[in-house]
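Listed below are the residues making up each chain.
Protein chains: 2
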Amino acid sequence: MNLFRNATDSGKESPDNATIDQISHFDQKTVTLRGWVSSIRSSGKIAFLQLRDGTGIIQCVGSIQDIGEEKFEKLKSSTLETAVLVSGEVKKDTRSKIGFEIGLKDFEIVSRPLEEYPIGKKEHGVAFLMEQRHLWLRSSRQVAILRIRSEIIRAIRDYFDGRGFYLMDSPILTPNSCEGTSTLFETPYFDDKAYLTQSGQLYGEASAMALGKIYVFGPTFRAEKSKTRRHLTEFWMVEPEVAFMDINGDMDLAEDFIEYIVQRTIKNRRAELEILERDLTPLERVKKPFPRILYSEAVDILNKNNKPAKFGDDFGGDEETVISQQFDRPVMIHHYPKAIKAFYMKENDKDPTLVNCVDVIAPEGYGEIIGGSQREDDMEKIKARIKEHGLSEDAFKWYLDLRRFGSVPHAGFGLGLERTVAWITGVPHVRETIPFPRLMEKIFP
Amino acid sequence: MNLFRNATDSGKESPDNATIDQISHFDQKTVTLRGWVSSIRSSGKIAFLQLRDGTGIIQCVGSIQDIGEEKFEKLKSSTLETAVLVSGEVKKDTRSKIGFEIGLKDFEIVSRPLEEYPIGKKEHGVAFLMEQRHLWLRSSRQVAILRIRSEIIRAIRDYFDGRGFYLMDSPILTPNSCEGTSTLFETPYFDDKAYLTQSGQLYGEASAMALGKIYVFGPTFRAEKSKTRRHLTEFWMVEPEVAFMDINGDMDLAEDFIEYIVQRTIKNRRAELEILERDLTPLERVKKPFPRILYSEAVDILNKNNKPAKFGDDFGGDEETVISQQFDRPVMIHHYPKAIKAFYMKENDKDPTLVNCVDVIAPEGYGEIIGGSQREDDMEKIKARIKEHGLSEDAFKWYLDLRRFGSVPHAGFGLGLERTVAWITGVPHVRETIPFPRLMEKIFP
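Taken in sequence, the protein lines are chains A and B. Position one of the first sequence corresponds to residue 1 (my numbering), numbered consecutively onward. Position one of the second sequence corresponds to residue 1 (my numbering), numbered consecutively onward.
For reference, chain A alone in the conformation it holds in the complex (with noise of 0.2 Å):
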């Protein structure tokens, strides 16, 4: 048994390399495997290893007679997260969940634990498994979800790629604070300040109007203190721009993009849904055309539902729920009021106390996923709204640079990572939905 593995290849082109999610390619063959011990139960000369290796867990069967004494003893002594080195014949059983098991041909440990792993089989406070992040990482429910994010980062890459769209990263560090301090984490940077952004949306404009169809992904930060499920002070946003387009285009992309994720998330990764329990109908509904209301129409359905709402108001987590409720899918919500909207937002023609944006809520009380916009591409209209909002215009020079030199419709939209994958995965809190959470009291391990 080779201790080493091959790295370049995909796990099912040899038997010495394989990994227990490709262990269909090699029914009767005799493998290697490595991984570490999630379960042994042994009874007589018979013991049952349940064996991890981040690809999934498959039982492996060992007895006396087959690997003999001495290795036995050392696979019926192993424990939680001990580290093994497995070979053996790969046999179909019905009875497992992945369809095979291992008949265990030989047996090694490669490290013992130093002392006992301490999150066991009983049920730990969220507290204490947050303080083992590192750890806890390793539960098959952790790691379905984290298996599903890279899915869902994967199907958002895919996405804009196959459609003409240019990955342009924006600045971490960014010289102005655009919208207020109170929210932004600040850093010296060597004689002056820099802020951590927000949103990188202000320079995929810029970059829009050099590619035409770009998309910004990267991580944004928030120093709010707000504890709440669907918070975190550091998260991922995908934010594509799109030049030459209004704000019905947004809500075509949108919709287009959010039926792609949740369906391809639906076919590749559903034996993870599966350990996560997550029923798929509301998922599978999740299909082009959503609804699309206007604001007015939002404020309508609240009154009628015994949430009192008046034009002028901001929708929180309660009211999105409530909205989200009367449809079977994700729900668009366009043309807010301009007074409670960001400055970049684009005045709608016909009513100028309207601005042409969209927020997407996502069904099951998962809230907004998409907040998004045609931007303002008027240069009076926008210098207007940043001496209305209290800004600098000087801080936006360059941004209006692009009002000043060939300024065209454009629009654009920012998805949030983990909320998404919170509501695709339906785990109850954004903090399993990224590997390392940062959390207002939390900036460990």
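Don't read these hints as lab results, they were simulated from the structure. Incorrect hints may appear among the rest.
A pair holds if it fits inside one copy or across any two, identical chains being indistinguishable in the list.
Below, computed lysine-lysine pairings styled on DSSO-like, alpha-carbon distance capped at 30 Å [what the hints assert, rightly or not]: (1) K12 x K267; (2) K193 x K71; (3) K29 x K76; (4) K397 x K122; (5) K442 x K193; (6) K91 x K76; (7) K288 x K267; (8) K225 x K193; (9) K193 x K227; (10) K105 x K387; (11) K442 x K387; (12) K288 x K12; (13) K397 x K74; (14) K442 x K397; (15) K122 x K45; (16) K383 x K74.
Assemble the complex: chain A is given as a structure, and chain B must be docked to it using the hints.
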């Protein structure tokens, strides 16, 4: 002519929604294009517009006869970066670089520049262009570089995604100053402090113990006071990490990976490499196997080439260039002295003065693009190294847990994205390889 595009298709489905890079799909058809004036000249009753749309540049030929006097006057009088909407017939043209031109049938101005566009045809200094980065991005050269960057990022992701690696984002905000604070950006974090990550590796190791084969891909930060053509304060790094891999597997992976991204970029981005006048010969040679030399052999090479060196010296840019000039493809230098390398690198079994590490040096003077190593998996040895380096064991408690519970041999590397883009595109300075570069004295726009 419809001003707006449909961003959900790829630009080759519909002639009303065409893009220049897909123009060959519409030979002899009438298309609508949306873009900006890159240059214009006229001669009597005929005008030649070079139109850029972010995906390419195409010549559009317009005459009074075809578009009428009024539109012809508008066409003739349009200036650099005027936003326009055009419609016309796609015609084969052998003199054109892209093989086609447009016979204009219709022309509209979307917006005229409010002032003269600051970047003209004349030469500008780099300092000026850097101040205008948001506009400089529109030049053919910058578009070509950034399209290649986008392709390299796709290639990196496709390489790992196709081989069973999971993307696992490491955090940007980190609690400890693991290796001294002198080159770290620091930010207040509520009642605490946080530092911007310099590498996702340590967290990547935790992720590899959970998922087997993973990669981290995100921005990293160094507050280094160096002004060289190879340094940015904010740059992107991709860091694969593999459980059950040793230094030899690590070198195999690095070699296979580099060959893949270089050969794929040549194949998919030939037009852009031609715009940059990149000599493809040295890139075409980037095929396995790469030369692998011991650190001690590298010292010999330096001494033979009038660069006196001795065991224990670290190599700077000049030394890297001398070594790389001895070979016709990237060179892998392995097994450096332990004393000059990071605490987490695995001590060599046969010679404890060395560590199992590798640096990959790009050809043509582009310097180190990969630094990698097998990681120390022995608890007592890594504790001793932490002590030797004057680091706090307490700060590494969670990291040591990876040795405490299920320790296995593991290895990985980090590839710097911007240096790789500089090498492949052949641009001399990394500042052009990222949309909005951050340097010691540069955080605008």
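Status of the hints after comparison with the structure:
1. K12 x K267: both (20 Å within a copy, 27 Å between copies)
2. K193 x K71: neither (61 Å within a copy, 50 Å between copies)
3. K29 x K76: Within one copy, since 24 Å is at most 30 Å while 73 Å is not.
4. K397 x K122: Answer is between: at 24 Å across copies they meet the 30 Å cutoff, but 58 Å inside does not.
5. K442 x K193: Classified as both; 25 Å inside a copy, 11 Å across copies.
6. K91 x K76: within (21 Å within a copy, 76 Å between copies)
7. K288 x K267: Classified as within; 17 Å inside a copy, 36 Å across copies.
8. K225 x K193: Both ways: K225 and K193 sit 22 Å apart in one copy and 15 Å across, limit 30 Å.
9. K193 x K227: Both: 28 Å inside a copy, 19 Å across copies.
10. K105 x K387: neither (75 Å within a copy, 42 Å between copies)
11. K442 x K387: between (37 Å within a copy, 27 Å between copies)
12. K288 x K12: The answer is between: 22 Å across copies meets 30 Å, while 36 Å in one copy does not.
13. K397 x K74: between (70 Å within a copy, 29 Å between copies)
14. K442 x K397: Result: close only across copies, 16 Å inter versus 37 Å intra.
15. K122 x K45: Within one copy, since 28 Å is at most 30 Å while 85 Å is not.
16. K383 x K74: So K383 and K74 pass the 30 Å test across copies only (28 Å; inside, 74 Å).
Going down the numbered hints, you'll see the structure goes against 2, 10, while the others check out.
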